[in-house]
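Peer 1: What follows is the residue order along each chain.
There are 2 protein chains.
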Amino acid sequence: MTSEATETRVMDAIRERRELVNEAIDEELPVDEPERLYEASRYLLKAGGKRLRPTVSLLVAEALADVEPLSADYRRFPRLDGGEVDVMAAAVAIEVIQSFTLIHDDIMDDDDLRRGVPSVHRAYDLDTAILAGDTLYSKAFEIMTDTGAAAEDGLEATNMLASTCTKICEGQSMDVCFEERTEVLPEEYLDMVKLKTAVLYGDAAATPTILLGADESVTDALYEYGISAGSAFQIQDDVLDLTVPSEKLGKQRGSDLVEDKETLITLHARQQGVDVDGLIDAETVEEVTEAEIDEAVAELEAAGSIDYAKETAAELAARSEESLQVLPDNESRRLLEDIAEFFVTRGY
Amino acid sequence: MTSEATETRVMDAIRERRELVNEAIDEELPVDEPERLYEASRYLLKAGGKRLRPTVSLLVAEALADVEPLSADYRRFPRLDGGEVDVMAAAVAIEVIQSFTLIHDDIMDDDDLRRGVPSVHRAYDLDTAILAGDTLYSKAFEIMTDTGAAAEDGLEATNMLASTCTKICEGQSMDVCFEERTEVLPEEYLDMVKLKTAVLYGDAAATPTILLGADESVTDALYEYGISAGSAFQIQDDVLDLTVPSEKLGKQRGSDLVEDKETLITLHARQQGVDVDGLIDAETVEEVTEAEIDEAVAELEAAGSIDYAKETAAELAARSEESLQVLPDNESRRLLEDIAEFFVTRGY
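Going down the list, the sequences are from chains A and B.
Residues in the first sequence are numbered from 735 upward in steps of one, following the working numbering.
Residues in the second sequence are numbered from 735 upward in steps of one, following the working numbering.
Treat each hint with caution, since some may be false.
Unchecked claim - Below 30 Å or equal to it, Euclidean Cα-Cα: the simulated DSSO-like pairs (lysine-lysine) are:
| id | chain 1 | residue 1 | chain 2 | residue 2 |
| --- | --- | --- | --- | --- |
| 1 | B | Lys-928 | B | Lys-784 |
| 2 | B | Lys-780 | B | Lys-928 |
| 3 | A | Lys-901 | B | Lys-901 |
| 4 | A | Lys-982 | A | Lys-780 |
| 5 | B | Lys-780 | A | Lys-901 |
| 6 | B | Lys-985 | B | Lys-928 |
| 7 | A | Lys-995 | A | Lys-1044 |
| 8 | B | Lys-901 | A | Lys-780 |
| 9 | B | Lys-995 | B | Lys-928 |
Stated by the list, open to error - Some chain B residues near chain A, calculated using beta-carbon distances under 10 Å:
| id | residue |
| --- | --- |
| 10 | Thr-862 |
| 11 | Glu-904 |
| 12 | Cys-911 |
| 13 | Val-978 |
Said to hold, decoys possible - If you want a taste of the chain B side facing chain A, the calculated C-beta under 8 Å gives, among others:
| id | residue |
| --- | --- |
| 14 | Val-765 |
| 15 | Pro-768 |
| 16 | Arg-770 |
| 17 | Met-842 |
| 18 | Ile-864 |
| 19 | Asp-868 |
| 20 | Thr-869 |
| 21 | Phe-875 |
| 22 | Leu-889 |
| 23 | Ala-896 |
| 24 | Val-910 |
Worth flagging that the hints you see were computed from the coordinates, not collected in a lab.
Note that the coordinates shown come from a computational prediction; the quantities given were computed from them, not determined experimentally.
Glycine included, every Cβ here is placed at the ideal spot set by N, Cα and C.
Chain A extracted, bound-state conformation:
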């Protein structure tokens, strides 16, 4: 299939589920007292987002239960043993965790914008942003403990969500530390990406298998799917920062280089002897010229660093597709394959 056809199928699958996910977010996170706290907590969730992780969860449930896509009520989804479970609640819990991490990360990175709107600590203030994140954190656990799953499964899914959150904190901490270290190995970077980004995809893919009552081997395989696909997604992000025109990217191309952010590409280049710190003279994205970035990219290309990142991402995507073989061969499984494919072929 062409990458355009894959993209269309993935975008359709996301769009078809997004309204349902957004409705469920509203139901699970009503505006309560104190109003300002709940508005700040919901602010980023209302500002947009593709709902990639919930889509992965819902597709895994459909693939595993082997039902026609969109034919079953996600709120009363058939378990493998005949009971029912609210897989939508679990999907929302994971998106709520994602939103909490964005709010706190934006504080740590001092980012002013997110999803085209001011970040929470800019739109409100630091205290409210810390507290809005903390509120989403506990709300996610309230939601995950209330899916109507068999108690052992609910407890296992909640334990997995908790250990996922711990790993995300570890990954964020590594990322912050990397900024102060002179030498980081590509393998260490991949470990960081796994913790900071990929484990939440792992959780999104594995949770429905737990709640539906699948075998442990299925849960493990789906967790690996999420880890590989999520890592591929992040590495592709690093590639796109250098290869996509600024207009299409929505920000200055090469901004990672200008801002001295290490990626798999720069770390590989360092190992090849490239003087990464000397690639760009400009100090800010406003100062840098397209010509300067072209030259830097050419040097990284010559060192094989961009190809290395592309190949690493492609390998991870292929590995993630292999993990899906524990699922019945059906339309939803093919969409999960498409998502992994899309993660590394997407042009923005």
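With the hints as your guide, set chain B onto chain A.
Peer 2: For chain B alone, coordinates are given in the frame of chain A:
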């Protein structure tokens, strides 16, 4: 019993359990990678703390199981139906949540000191403090989902911990909002105290009843015990700030007044027509004189506001002791009564 005798008994009960709690904290929160993150996460827990909430949890378990105090292994504690459960892990989870809230609250209140050492955002930095709090948050849920309780009980205890955390965030948000509001009712203040402080005592007291498999009515009663006792504790704090000499208090007496912090006392005084904002001219605790504070306290006393707070705290303590009547009549239950008593008779 005299209040000194009560205090001695409570302090003994705490001291006898503190070493065990501290050992369990070390076991449940080992230093992992990244080291700096885990050191920052453990920093306040290692700096001290009475372990009041864990002591409440352990005493409730002992009272309910009707075992000799300190005779049973908290890690393999007898359930009412004959099984075993790790009540110590649950107690640690609650203390870990307490520590997370202190770290994030200190950021919001911009407090430099905590337990006699620099607060985490001062000892480390803002980013590390946010992340250390977030790490403790998820660790607490990892621990609470792994007590070896029956799955339904483990899930219920985890759900209660999550909703408790949501309430704490709501309470902290109300507290922050109160600083900007011109008029707050005493009832609103009591609501805030309930959410910000008391619910975690409610959780500490109710959780062991869930994990041991007690009836819902017992869980409800113990939750109420914690709510009443925890609220009484906080109100007594407000009284002590005005009535205990600075040397004994470890900080300037009347600092709440100097810093314009509303308490049940000032809110009651406002209702009695006292010009609370005019009580103290000094802008900082360094400037204020003992004579100025004496005069302010005399005015609050004349308005009946200090007595009102004392009576409210005493009523709450009495109510909390009534809630304990669902427990067997034994030594541990008497210690829980003593704790409630101590909360309102303590002199510091």
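Peer 1: Now tell me, hint by hint, if it's right for this structure.
Peer 2: Cross-check of the supplied hints:
1. B:Lys-928 <-> B:Lys-784: 21 Å, holds
2. B:Lys-780 <-> B:Lys-928: Holds. Lys-780 (chain B) to Lys-928 (chain B) sits at ~27 Å (cutoff 30 Å).
3. A:Lys-901 <-> B:Lys-901: 25 Å, holds
4. A:Lys-982 <-> A:Lys-780: 24 Å, holds
5. B:Lys-780 <-> A:Lys-901: Since the Cα atoms of Lys-780 (chain B) and Lys-901 (chain A) sit roughly 22 Å apart, the hinted pair holds (cutoff 30 Å).
6. B:Lys-985 <-> B:Lys-928: 25 Å, holds
7. A:Lys-995 <-> A:Lys-1044: At roughly 18 Å apart (the allowed maximum being 30 Å), Lys-1044 (chain A) and Lys-995 (chain A) satisfy the hint.
8. B:Lys-901 <-> A:Lys-780: 22 Å, holds
9. B:Lys-995 <-> B:Lys-928: It holds: about 17 Å lies between the C-alpha atoms, which stays within 30 Å.
10. Thr-862: Holds: closest Cβ of chain A sits about 8 Å from Thr-862 (chain B), inside 10 Å.
11. Glu-904: 6 Å, holds
12. Cys-911: 6 Å, holds
13. Val-978: Check failed: Cβ of Val-978 (chain B) comes no nearer than 29 Å to chain A, outside 10 Å.
14. Val-765: It is violated, given that the least Cβ distance between Val-765 (chain B) and chain A is near 12 Å, above 8 Å.
15. Pro-768: Hint on Pro-768 (chain B): holds, closest Cβ of chain A at ~5 Å, below 8 Å.
16. Arg-770: At about 7 Å, which falls below the 8 Å cut-off, the nearest Cβ of chain A leaves the hint on Arg-770 (chain B) intact, so it holds.
17. Met-842: For Met-842 (chain B), the interface hint holds, since the closest Cβ of chain A sits about 4 Å away, which is under 8 Å.
18. Ile-864: 6 Å, holds
19. Asp-868: 5 Å, holds
20. Thr-869: 4 Å, holds
21. Phe-875: 4 Å, holds
22. Leu-889: Given a least distance of 5 Å, the restraint on Leu-889 (chain B) holds.
23. Ala-896: Status holds, d = 4 Å.
24. Val-910: 6 Å, holds
When the structure is compared with the earlier hints, violations turn up for hints 13 and 14 and for no others.
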